[in-house]
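Student: Build the complex: two chains, separate frames, hints provided.
Here are the chains, one letter per residue:
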Amino acid sequence: MTRKAAPPKADARDRLRRVLFLVPYAVRHPGVPVRDLARRCGVSEKQILEDLDFLLGVGCPPFAPDDFLDLYVEGDRVHVALHQSFSRPPRFTESEAAALAAAARALGGEGRERVVRALRDAVPKDRRAIFEELLACIFAGSPPAKDSLLGRIEQAIAERRALRIRYFTATRGEESVRVVHPYTLAQRLGHWYLWGHDEGRGKALPFRLDRIRECAVDEKRFEPPTDAELARGRLFSEASGPPVKLRLGPLAAAWALARPGQWRVLKRDRKGGAVVEVPGVSDEWATRFALSFGGDAEVLGPPSARRHFGDAVRRALARYP
Amino acid sequence: MQKAERLLDLAALLLRASEPVSWREIQEQFPEDYGGSGEAAIRKFERDKAELLELGIPVRWVGGDEDLSAGYLVDKEDFYLPDLKLAPEDLALLYLAGSAALAQRAFPYARDLAHAMNKLSFAARAPGASEVAAVASLQLSADDAEEDARAESSARLEALSAAVAAKKRVHIVYLGAERRARTERDVDPYGLYQRGGAWFLAGFCRLREDIRSFHLGRIVSVEVNPAAPRTPDFTVRKGFSLADLATRESWEFGVHAPVRCRVRLDGPASPEERDTFGPRATWKESDGGVVVEVEAQNQEALLRHVLSLGDRAEILAPRPLREKARKVLAALARRVS
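So the sequences go chain by chain: A and B.
This note's numbering applies: residue 1 is where the first sequence begins, and numbers increase by one.
This note's numbering applies: residue 1 is where the second sequence begins, and numbers increase by one.
The reader is advised that the hints may include incorrect statements.
Here are a few chain A residues that face chain B, going by a calculated C-beta distance under 10 Å [as the list claims (entries may be wrong)]: (1) Glu94; (2) Leu134; (3) Ala318.
Derived DSS-like pairs (lysine-lysine); straight-line CA-CA distance at most 30 Å [as the list claims (entries may be wrong)]: (4) A:Lys125 to B:Lys49; (5) A:Lys203 to A:Lys220; (6) B:Lys85 to A:Lys220; (7) B:Lys44 to A:Lys125; (8) A:Lys245 to A:Lys267; (9) B:Lys3 to A:Lys125; (10) A:Lys125 to B:Lys85; (11) B:Lys238 to A:Lys125; (12) B:Lys327 to B:Lys284; (13) B:Lys76 to A:Lys125; (14) A:Lys271 to B:Lys327; (15) A:Lys271 to B:Lys324; (16) B:Lys324 to B:Lys284; (17) B:Lys167 to A:Lys125; (18) B:Lys44 to B:Lys167; (19) A:Lys245 to B:Lys324; (20) B:Lys3 to B:Lys49; (21) B:Lys49 to B:Lys76; (22) B:Lys44 to B:Lys3; (23) A:Lys46 to B:Lys3; (24) A:Lys271 to A:Lys245; (25) B:Lys44 to B:Lys76; (26) A:Lys245 to B:Lys327; (27) B:Lys167 to B:Lys238; (28) A:Lys267 to B:Lys327; (29) B:Lys167 to B:Lys49; (30) B:Lys167 to B:Lys3.
Hint data in this document are derived by calculation from the structure and do not stem from the laboratory.
Fair warning: this is a prediction, and the values are worked out from it, not measured in the lab.
Don't be surprised by glycine CBs; every beta carbon is placed ideally from N, CA and C.
So here's chain B without its partners, still in its complex pose (with noise of 0.2 Å):
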């Protein structure tokens, strides 16, 4: 029997028992699959039970007792999706955020989030407006223009997100930014973070011994660790925040020691404008505009941010960075002019 007949068979036999199926009738029943009484008999139903399990279907064996015979069941309270009982602004939001993902093609576990918003419809009451508007949502966040670049890095994240799950080391080769040499190297597979409408890996890298981000755009190829699939390579390191690390600004990458930098703004900030700086820089009033003030680790990356405001910014200290900036903008005005 194939296996895909075979385990849904399995699930409507056990769904429909009303009392615990034994080893020796499942075995009756699937004779050429389970038979014989050999160890690969109950190796292979185990196998099965597991990817039931991965299906949303969760088999138990449950021992017997004086009211009920021992054997295996599949607990319905514990298998049909419930109603998830939210409000409808809450339900908007998961049909919302679900659809704009799914339509970004390259999203973690991007298959299994299709089927979840299959499932969404049977999970909610009268879902009516949200379910229209996440149709236009889908449509509207989909890049046709973009469609082969995200298929070709949608295959890669799927890869990737299933090493994440599996604490499975992967081989990756990498093509730098800044020396734009292609490396190879093992990563243990933190997690994965968008910034800017691209993806990142995040993991420990073996070669840099360190905790590393990579820009998925830049990963040629991915290997998974095909050894004992079930079994993790690693453990994450103690203290590791992967949203510490998404939300880290791009001054505060560690390039130097941190040094403290203020910078000027005309004009009362924006709140869009107060976000670019993120949340740990501090603000002061002053004579008409603002004086933030951030710890940069990166001087260079903070310059560039500073530089991409305008004529409306300036930085005041420290002075090594004041002159790099009118070193940079002279050597561009002799460019332009």
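The following block holds chain A by itself, in its conformation from the complex (with noise of 0.2 Å):
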């Protein structure tokens, strides 16, 4: 994965909150490499040199540095060694969270509640009312229904346990119960997915969450993927076949293009219509895709997605005679 790092910013608070972290977490792991430190940060990891540079400097008054702590890199390992201030991460701030909150509340799940009193609880006391406030300016999304099965999943997943699931296949239209170790659960485009080696087919794939009908846990343990194949781990095979053409009017082109999606712009017309190709969808989704817009919108192309589109419209039109 190709990851950016954040945009480098000179804040004494950023360093701070850095480094409040940074020393705890080196004297919990002693020679952790700046490496794993930078990635934990996302930062470079120039600025953990840089930070750790700044905590040679700091000291306890009267400011004699081995009064507060004794640190030094060794090749590209870390070791501190400190007083005991600052061996642990102060609480969370009202913005850590209520962010952490907020994402917690949108997966939902039976726990969501316990979680935010949790997360409320180790917030310093006085600032425990603008946590509230600030919760409640967030809504990072509705949670996939269901609570009661998110539950059993997530405690598949903290136990390494086998799930035995019953899942719609909406291309399909049928049920069927698979056997699932689930890996994780993952978020893309407004859904939520499961992604979990099944069984049946041997391999890892992803099961969106709101067409699991029923799910049990099993007694029995999985072994955890290795980090390769973690690494290969996507949740959507590689685009196939041919993109899918449409042309959508100057109010379905505002609306589309201001989503989150794989667009390629082919043509813009003056009064803000477009032309764009979509990788990897399916006939049934660009005809669906395109009705959203209530006409403002068509399928082009390939021919078997247009006359799927046409075929749908005839159908339709034929329920209002």
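Tutor: And the structure:
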């Protein structure tokens, strides 16, 4: 995965927040590589080395550095021994806790309010009111319904137990029972997916959470996936087949292009309409998507998608004699 | 002394002290920074104290009594991150929700969220499998193809997050969908919500004198009122609920007076299909299918939703909307034939 480093910002607060994590983390993990610290903090290794330099200059008054902490970098590994003042990071700030709580509420599950309470209690006492106020200002999405299933799925992930699920496959319109080793949950384009190894198919696959009808946690425990297996993981397979081409009217284009998605704009007219290409979607998806603009969009190609769209329009029209 | 250094030294001093540290003592320890007797030194210290508080370091003043001298201290109990004492499945929820949110990059308080995720490993016993799952989630949820667009919107989202927290008015340039016109307006930012994978700003629009939602992808620029950063510019109107606004269906945004509409769906409706009509829809079984009834304040939007369900769905009432459906489909049929 290529990931750009966060934009550099020489903010004193940012540095402090980082070192308040770095120090206890390095104490707990003696000899942690600089690279690892950089990855965890989302900054460059150079930045981490600068932070460590900064720490060397810091001391508890009367400012003898060794009074504060003993820190050295050996090769690329960091060793820290220190006064116990900074052996644990500070409590969550209200915005840290609120962001995490908002994310938890959007995922849902029976545990979500327990989790929100625990986060609230981990904020300093006199900041808790601000935490509540801030949390009310973020709504990160409606949870994927079916709380009861989610609790069991989370338990299975945490305990590495297999799951037996009844799953609805939308493209075939049918249900099947699968045994899955649940590796993780992930979110893409507004939907939640369970990603795990499907025993029957012998490979890791995504399952949309709102299409899991039932699930039961098995006694059987599974081996954790290897790092390599995780690194190869994809929610969607690479786009195959020709991309679908759509004509969007001005209104449809304004809505569609502001949404996340892999659009390629082929043409843009003066009134704001557009011709776009979308890779890796089914004919069925293209038809539904075009119709959701109520006449302001149509499927242009490839021929099979155009046919699918035309058939759907004619059949729907037949309902309005 | 540099500010970051001064703040950390101050925190170290107060954390190590077994008794409250007097102002005089603090001045002695930091002669260059808080030296002198003027108001300026006290104001500088108060600003630093406020910053420490925002970093999660609760510095407070205690008045002295017979046993204890007056001064500043950091309550250890209130400083160190406690164990959250969560069951494994609840911990998994936190890890997975946090990682997936982080992977979006565009998430309110995204930087704070990253710090929170780091701290989480100290606040949980044996996160083991959950931590591994979180790394996987982060990777699966990320979308490299959209990286640039997200980096851009995450900067706007960060500015708006800060404005929401501090209740500061923002000046935005907005690209409307309907008229495709650029407008500039002042907005009191009430909150941020996500719907269908996109973020929206909700707030009181001073141009329209009403609560409005703004699609983040169409906010061209954001300027936060720079005056008096710690003083709020507005109070949120009574009765405002972000969740209500965020879960409103497209046909529930008031364009006209409410109209009862009925839609027929053939075959049994799956739970997902039912979800798409929202929590306020009512359902009735009706010979081999279902009839759903909703109150629409924007019938066009309902029409679009029904059309997207294809030939399984049909508008039954009101008659003009049914007629509109026929016209739209007939026009499309002419184009594709």
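Student: Which constraints among the numbered hints does this structure fail? Numbers only, ascending.
Tutor: none
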